[in-house]
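K.L.:
Listed below, chain by chain, are the residues.
Number of protein chains: 2
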Amino acid sequence: MTTSAELLSVRAAELYYEESKTQDEIGSLLGLTRWKVGRLLSQARELGIVRIEIVHPRARKLSLERELCERFSLADAVVVPSPTDGSSVADRVAEAAVDYLRVLRPVPRTLGVSWGRTVDTVAERLPQGWARGVDVVQINGGVSLNRRAGTAASTAVAIARSGGGQATLLPSPAILEHRETRLAIEADRTVAGVLERAAGASAYLYSAGVADASSVLVDSGYLSREDIAQLVARGAVGDVVGRYIDADGNIVDNELDERTVGVSLEQLRSARVAIAVISGESKHAIARAVVSSSLCSVLITDEATARAVLDHAYSGTTLQERS
Amino acid sequence: MTTSAELLSVRAAELYYEESKTQDEIGSLLGLTRWKVGRLLSQARELGIVRIEIVHPRARKLSLERELCERFSLADAVVVPSPTDGSSVADRVAEAAVDYLRVLRPVPRTLGVSWGRTVDTVAERLPQGWARGVDVVQINGGVSLNRRAGTAASTAVAIARSGGGQATLLPSPAILEHRETRLAIEADRTVAGVLERAAGASAYLYSAGVADASSVLVDSGYLSREDIAQLVARGAVGDVVGRYIDADGNIVDNELDERTVGVSLEQLRSARVAIAVISGESKHAIARAVVSSSLCSVLITDEATARAVLDHAYSGTTLQERS
DNA sequence: GACAGCGTTGCTCACATGAGCAATTGCCGC
DNA sequence: GCGGCAATTGCTCATGTGAGCAACGCTGTC
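Protein chains in written order, with the working numbering: chain A, 1 to 323; chain B, 324 to 646.
Hints should not be assumed to be uniformly reliable.
Partial chain A-side listing against chain B, Cβ under 8 angstroms, derived [claimed, not checked]: (1) A13; (2) E19; (3) K21; (4) V50; (5) A59; (6) S63; (7) L183; (8) I185.
FRET-style restraints, in silico, Cβ to Cβ [said to hold, decoys possible]: (9) A:E124 with B:S351: 31 to 37 angstroms; (10) B:S351 with A:S20: 24 to 30 angstroms; (11) A:T3 with B:R548: 45 to 51 angstroms.
The set of hints was computed from the structure by calculation and includes no laboratory data.
Backbone N, C-alpha and C fix where the C-beta goes; we use that ideal spot for every residue, glycine too.
Build the full structure now, drawing on both the sequences and the hints.
P.N.:
The following block contains the structure:
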């Protein structure tokens with residue numbers, strides 16, 4: 001049975017929140033002092049009898065953000081609520097990334113970007129003039145083996161154009177067949193110059209891929225389904241700038257990694273501003289890996305992913321953090 | 324797209340309601356004056372961005388109650404929220420009726436009650452000693468043709484016992500076969516005495532039945548399924564104290580009504596306190612009929628039924644009430 | 001029966017807040 | 001460009017509200 005104090009709390013809450021009466025009025029109405037009413041109300045809030053919700057596609061989950069920042073020493077985090085209607089999580093997260101970039105200070109002189117669906121969505125939502133003079137540089141080899149050729153380039157170009165700056169593309173495949181070829185192409189003056197610019201970027205914006213057959217790297221022909229299966233067998237949970245990592249953020253296959261063109265994970269880890277935009281059910285594992293291995297300083301994600309990342313921190317590899 | 328004012332409202336609401344910051348703090352955080360913040364917050368509430376809900380089985384819908392009272396000139400109304408979990412609406416409404424009876428002032432000297440599932444549920448939930456010296460009198464003929472015999476009696480007795488008073492039962496069938504028999508039985512000293520007591524009751528508590536085969540009157544053998552079908556064909560939506568009425572609250576079948584023993588609808592209409600307890604999807608129509616034809620002065624019901632009653636008032640037979 | 005300990009109550013006071021109002025801004029038609 | 005009008009802004013002031021504190025009562029123990 002509900003206690004009488006609880007019942008009083010309910011009545012008080014109704015009068016206060018629904019009828020907008022003052023605590024004084026409620027007091028005389030229920031035969032209580034106004035302080036008692038105040039206490040009943042705070043009790044009602046604590047007990048969850050009064051539920052205050054902010055329902056808006058652009059709302060954020062500040063408590064989750066704070067927790068993420070503290071637990072993983074992030075510089076910042078943005079968590080958007082999981083949509084209750086049918087709208088796309090990815091779109092909402094992309095919007096949040098846009099908002100983040102627009103108010104990011106200091107404005108990055110050079111922004112290093114990866115490519116893929118997520119970053120492309122951000123690019124297409126960045127409004128014209130979101131910044132002034134932001135140059136963009138690709139941080140990993142572009143997709144160029146199939147019909148989608150150009151997406152990687154257009155992502156970078158779109159961001160640069162709307163940000164009032166120049167785009168520098170990385171004229172190289174993402175993954176080469178031989179380590180020697182990678183060394184050779186990286187030695188080439190053009191490529192080396194771009195990589196240098198990439199290394200010196202004042203901020204990075206990238207996403208992460210899932211280690212499964214749906215990966216853009218498979219789609220683009222860089223990796224076969226068998227390659228992925230093997231990587232998964234060796235513990236891969238996903239990729240960041242084309243480099244496959246396990247749950248602890250370590251490179252899974254060094255040989256493969258040495259054939260991959262672009263900034264290294266170490267460069268991302270030591271970057272002052274590294275913004276990871278990761279959302280969706282399938283990316284929980286890679287999101288955990290990215291955050292817990294400090295691959296990003298800023299995480300932009302959805303509520304469900306944030307919770308998954310935080311839950312993991314209690315029970316998984318970062319168990320030692322539990323006081 | 325969401326306007327920038329809306330977005331600011333969302334941010335302010337988050338900081339205010341989730342982070343419990345003061346409007347001042349939010350002001351300096353967002354670069355606004357504290358009054359602007361206050362305005363954004365009230366805007367957020369108006370727009371429904373901030374949703375404040377009172378979640379508790381014993382909560383009430385005061386705005387619906389007020390609307391019912393005003394629209395139908397009720398003395399009082401109690402509306403409980405439709406349960407979100409699996410719990411029974413009927414139980415919640417019965418509890419609300421119990422609460423209502425406990426604080427009803429002046430305490431009725433004599434309470435006239437009908438019988439049926441609903442009233443019985445109320446009876447069994449009334450705590451021992453809910454009142455002192457409340458005598459109970461049955462207001463319509465009791466069920467006595469089948470195994471359930473005694474329920475009607477036990478309802479009245481239970482209410483009287485827990486209310487510290489005497490129960491007076493109406494020793495008569497609900498519906499007789501001939502008008503003459505009804506006249507004869509009502510002329511009998513015992514029955515006449517009870518009816519007189521019933522007529523003089525200081526308050527009435529009753530429910531209403533649906534006009535379909537599930538009715539207790541069918542169950543008890545007073546009416547056949549064919550009788551009900553015929554009543555429905557003539558516009559019956561349900562019964563009150565055994566008397567079938569149409570959507571406008573008029574007796575559907577005078578001949579049948581003259582064979583029915585108990586207080587008349589007119590007596591209910593002119594009663595100072597007539598408490599109708601009606602809940603459930605199937606009873607929306609009869610609830611409408613009861614309320615709109617002033618059969619009760621107090622309605623105790625659930626949210627869905629209340630809304631159905633109010634909606635009807637805009638579009639149905641009481642259309643003329645629209646300003 | 002005395003007393004310590006704990007929870008509850010009513011209160012003071014400082015702060016947070018909303019109503020109401022004047023000043024300002026932006027906007028439209030001329 | 002220029003009034004005029006409406007919306008918005010910043011403000012004063014009265015009121016509402018929560019933190020903190022002392023007094024009270026209740027319970028269980030010795």
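K.L.:
Given a cut of 8 angstroms on the nearest C-beta pair, is the interface hint for E19 (chain A) held or broken against chain B?
P.N.:
6 angstroms, holds
K.L.:
Could one say that the CB atoms of E124 (chain A) and S351 (chain B) fall in the range 31 to 37 angstroms?
P.N.:
Taking Cβ atoms as reference, E124 (chain A) and S351 (chain B) lie about 34 angstroms apart, which means the hint holds.
K.L.:
Do the beta carbons of S351 (chain B) and S20 (chain A) sit within 24 to 30 angstroms of each other?
P.N.:
Since S351 (chain B) and S20 (chain A) have Cβ atoms about 28 angstroms apart, the given range 24 to 30 angstroms holds.
K.L.:
Is the hint on A59 (chain A) kept, meaning its closest Cβ partner in chain B is under 8 angstroms away?
P.N.:
5 angstroms, holds
K.L.:
Does S63 (chain A) hold up as a contact with chain B if the rule is Cβ-Cβ below 8 angstroms?
P.N.:
7 angstroms, holds
K.L.:
Can we keep the A13 (chain A) interface hint, with Cβ of chain B closer than 8 angstroms?
P.N.:
With a closest approach of 5 angstroms, the A13 (chain A) hint holds.
K.L.:
So, as I understand it, the hint says I185 (chain A) touches chain B; can you test that by seeing if any CB pair is closer than 8 angstroms?
P.N.:
43 angstroms, violated
K.L.:
Given L183 (chain A) was flagged as interface, is its beta-carbon under 8 angstroms from a beta-carbon of chain B?
P.N.:
48 angstroms, violated
K.L.:
With a cut-off of 8 angstroms, does the beta carbon of K21 (chain A) approach a beta carbon of chain B closely enough for the hint to hold?
P.N.:
With a closest approach of 10 angstroms, the K21 (chain A) hint is violated.
K.L.:
With respect to the beta-carbon atoms only, verify the hint that T3 (chain A) and R548 (chain B) lie 45 to 51 angstroms apart.
P.N.:
47 angstroms, holds
K.L.:
Is the hint on V50 (chain A) kept, meaning its closest Cβ partner in chain B is under 8 angstroms away?
P.N.:
For V50 (chain A), the interface hint holds, since the closest Cβ of chain B sits about 6 angstroms away, which is under 8 angstroms.
Hint compliance for this structure: hints 3, 7 and 8 are not met, and every other hint is.
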